[in-house]
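Residue numbers (the working numbering), protein chains in the order written: chain A, 4 to 331; chain B, 3 to 374.
Everything labelled a hint here was simulated from the structure, so no lab data went into it.
What follows is a set of in silico ranges between Cβ atoms, one per label pair, in the way DEER data are often shown:
id: 1; chain 1: A; residue 1: Asp25; chain 2: B; residue 2: Gly105; range: 29 to 35 Å
id: 2; chain 1: B; residue 1: Glu38; chain 2: A; residue 2: Lys43; range: 55 to 61 Å
id: 3; chain 1: B; residue 1: Glu325; chain 2: A; residue 2: Lys257; range: 55 to 61 Å
For each residue, glycine too, the CB sits at the ideal point set by N, CA and C.
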Amino acid sequence: MSRVIEFRDALCEAMTEEMVRDERVFLMGEEVAEYDGAYKVSRGMLEQFGSRRVIDTPISESGFSGLGIGAAMHGLRPIIEFMSWSFSLVAADPILNNAPKMLYMSGGQFGCPIVFRGNDGAGGQLGSTHSWCVESLYANVPGLKMAIPAFPSDAKGLLKTAIRDDDPVFFLESERLLALKGEVDEDPELLIPFGTANIPREGTDCTLVSFGRPVHFCLEAAEELAGQNISCEVIDGRSIRPLDVPTITRSVRKTNACVVVDQSWPFASIASEVAATVSEQCFDDLDHPVVRVNSDDVPAPYAFDLEQEMLPNARKICQAVRTATYSS
Amino acid sequence: MPITKAFTTEIDYVSILDEHGNFDAQLGSDLISNDELVQLYEQMLTSRRFDEVAFKLQRSGRMGTYPQNMGQEATSLGAAFALEPHDWLVPCYRENTGLFHRGLPMEYILLHWMGDERGNQIPRELFMTPLAIPIGTQMLHATGLAWASKYRGESNIACTFFGDGATSEGDFHEAMNFAANLDIPVIFFCQNNHWAISVPGHIQCSAPTVAQRGVAYGMDCVQCDGNDIFAVTKVVKDAAQRARDNNRPTFIEAVTYRLGDHTTADDARRYRDEEEVEMWKTRDPMIRMRDHLKSLNLWNDSKEAAATEKAETLVAEAVKRAEEIAEQPVSEIFDSMYNTIDDPEMIRQRQTMRTSSIGQDPTQVESTEQVN
Ligand SMILES: Cc1ncc(C[n+]2csc(CCOP(=O)(O)OP(=O)(O)O)c2C)c(N)n1
Ligand SMILES: [Mg+2]
Numbered sequence: 004m005s006r007v008i009e010f011r012d013a014l015c016e017a018m019t020e021e022m023v024r025d026e027r028v029f030l031m032g033e034e035v036a037e038y039d040g041a042y043k044v045s046r047g048m049l050e051q052f053g054s055r056r057v058i059d060t061p062i063s064e065s066g067f068s069g070l071g072i073g074a075a076m077h078g079l080r081p082i083i084e085f086m087s088w089s090f091s092l093v094a095a096d097p098i099l100n101n102a103p104k105m106l107y108m109s110g111g112q113f114g115c116p117i118v119f120r121g122n123d124g125a126g127g128q129l130g131s132t133h134s135w136c137v138e139s140l141y142a143n144v145p146g147l148k149m150a151i152p153a154f155p156s157d158a159k160g161l162l163k164t165a166i167r168d169d170d171p172v173f174f175l176e177s178e179r180l181l182a183l184k185g186e187v188d189e190d191p192e193l194l195i196p197f198g199t200a201n202i203p204r205e206g207t208d209c210t211l212v213s214f215g216r217p218v219h220f221c222l223e224a225a226e227e228l229a230g231q232n233i234s235c236e237v238i239d240g241r242s243i244r245p246l247d248v249p250t251i252t253r254s255v256r257k258t259n260a261c262v263v264v265d266q267s268w269p270f271a272s273i274a275s276e277v278a279a280t281v282s283e284q285c286f287d288d289l290d291h292p293v294v295r296v297n298s299d300d301v302p303a304p305y306a307f308d309l310e311q312e313m314l315p316n317a318r319k320i321c322q323a324v325r326t327a328t329y330s331s
Numbered sequence: 003m004p005i006t007k008a009f010t011t012e013i014d015y016v017s018i019l020d021e022h023g024n025f026d027a028q029l030g031s032d033l034i035s036n037d038e039l040v041q042l043y044e045q046m047l048t049s050r051r052f053d054e055v056a057f058k059l060q061r062s063g064r065m066g067t068y069p070q071n072m073g074q075e076a077t078s079l080g081a082a083f084a085l086e087p088h089d090w091l092v093p094c095y096r097e098n099t100g101l102f103h104r105g106l107p108m109e110y111i112l113l114h115w116m117g118d119e120r121g122n123q124i125p126r127e128l129f130m131t132p133l134a135i136p137i138g139t140q141m142l143h144a145t146g147l148a149w150a151s152k153y154r155g156e157s158n159i160a161c162t163f164f165g166d167g168a169t170s171e172g173d174f175h176e177a178m179n180f181a182a183n184l185d186i187p188v189i190f191f192c193q194n195n196h197w198a199i200s201v202p203g204h205i206q207c208s209a210p211t212v213a214q215r216g217v218a219y220g221m222d223c224v225q226c227d228g229n230d231i232f233a234v235t236k237v238v239k240d241a242a243q244r245a246r247d248n249n250r251p252t253f254i255e256a257v258t259y260r261l262g263d264h265t266t267a268d269d270a271r272r273y274r275d276e277e278e279v280e281m282w283k284t285r286d287p288m289i290r291m292r293d294h295l296k297s298l299n300l301w302n303d304s305k306e307a308a309a310t311e312k313a314e315t316l317v318a319e320a321v322k323r324a325e326e327i328a329e330q331p332v333s334e335i336f337d338s339m340y341n342t343i344d345d346p347e348m349i350r351q352r353q354t355m356r357t358s359s360i361g362q363d364p365t366q367v368e369s370t371e372q373v374n
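Please work from the sequences and hints to get the whole structure.
Below you can see the structure in the form of structure tokens.
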């Protein structure tokens, strides 16, 4: 049975169900308890689970990240909420230097089954320091997994998978999508494995690969291009680490064109990684070099129009597809 | 209105056996039995021997950088002794004596500094975490470990070790604040050895004691003579009690001194006075303990000779085990990356021993398709 719910409630359901299922899971972060989360993602959870398992913390990102790592090392399954991934930068040492390396550096003795989650990405006119898209920066680090849902159903299924995963998972939510509504299955075993991309729209002329919020811009662009007789196949990667390469290459072998849309900065980005991989594996299938659409290489501007222009959008994507398919 | 005092405080200083041999029988009588005292002394002796040998191994190119523990043995040893075997020991890198006391085979520490990660593969039943080289990070891990124990309804607590320099790190303050405000049963054990490499203590802390930093967090805090095994044992026992009974953390400042260089890569003569070092040599925790044992008729020169010989043998055997361990096969390079991974790309990397580019591995296209 499925029903239509908001993205934020899908996240809340995922956490709630997993906390009911597994006593080892707890939620910790700034404002997660009394306030129901800065973005109301943990609504009702304090009431249901009490302050032992839904914990308001001091404003210490490094503090609760490191504490969560210690708790994970001793058998618990922390969910650590960053109000925004932008604030995770002050916790760089625990999240990048400890969590993803703990298992490796202890020769397998100390696992680190922890979920770091929170709002990622620009678009809310929050100014540059609060508008980080951390995916390219963090995905570079081996030992972590990274999931980035674009739809409510995936938000729930991926978060449940993240909580059950035995390794550290960086879970990137877009605040811009939290009110998005969609069908979500009520099945408590709704688990979406990492490394399985989804194809929300099939097509024949160009493959659009994206992750998180820009998947919606891709769908918008695909709709517009359909009116111009260009048929786009949209791939929603759903997880960045692991990356579902076979689904991408299969599609490119069919369409012979590829555009990658990534909301992080262009230099050494997720788009660069996908473009390189597609170029390596589908060199003979491509009619045009892979085209990348990233955010512009500037700090996120504060002003509305400037910020919108900085981010990937349907117009830029349409242009990229026309280039990749020689139809401009 | 007159100005009144919002708050005043005093910091206790605990000393039981001082460098002149004065022993406070009232405080010290039931802390350590005679048998235990002899054992602890032998462990100090072994650790000191280990230090000497490790130093020589480095100098002769058989080991990498090594931080000597010399002069600070009583701190981690007293703490490990005072705690239960299932309490977490969360070290930085100068706690060999306590780790050995808990049961860590000595070759682990050698392997670590020889550049072999298997030295960090610490058996889970020892309840200790790998050496933490980034300064300060382990205090948060300790807080989390203790948090987890409390959450799980277990009786074990955590004790984390760090230096005076580490109290300048943000992680220290965040860990202390967390532990105090969220009632976490963790002991913060600062080994104030007066130096952070070449930087003297007053650059890290302008207050008269480091211990009083705990006051700001509403935490019990105490200073003790870190070269006095009795004092260390007492303050850790008291702190453990507080943690176990009331989930309250304690901040301990153990005043000690690094008799050696910071590490084998350092030459401390460049920045500190010889008189200072000479003065601290008279406060050496080992000498003090030996004299005390002698005064109790528990020790004599022949016992000393026998114990020294035993220590030499133990250390030599550990060196042998460390040096003779089979080399880690390169094929293990991808091991312990993830607990669970079914990503075809990771599987390919393992199978082909190649990391990323197709240019390095022409089978890449084939293998990813096969797995799929
Ligand atoms: C985050 C970080 N910064 C700097 C260093 C380099 N470093 C290694 S040991 C050390 C001094 C530490 O002094 P202290 O905490 O007093 O410990 P001690 O070595 O005296 O026991 C420094 C700066 C490091 N390892 N990690
Ligand atoms: Mg120091």
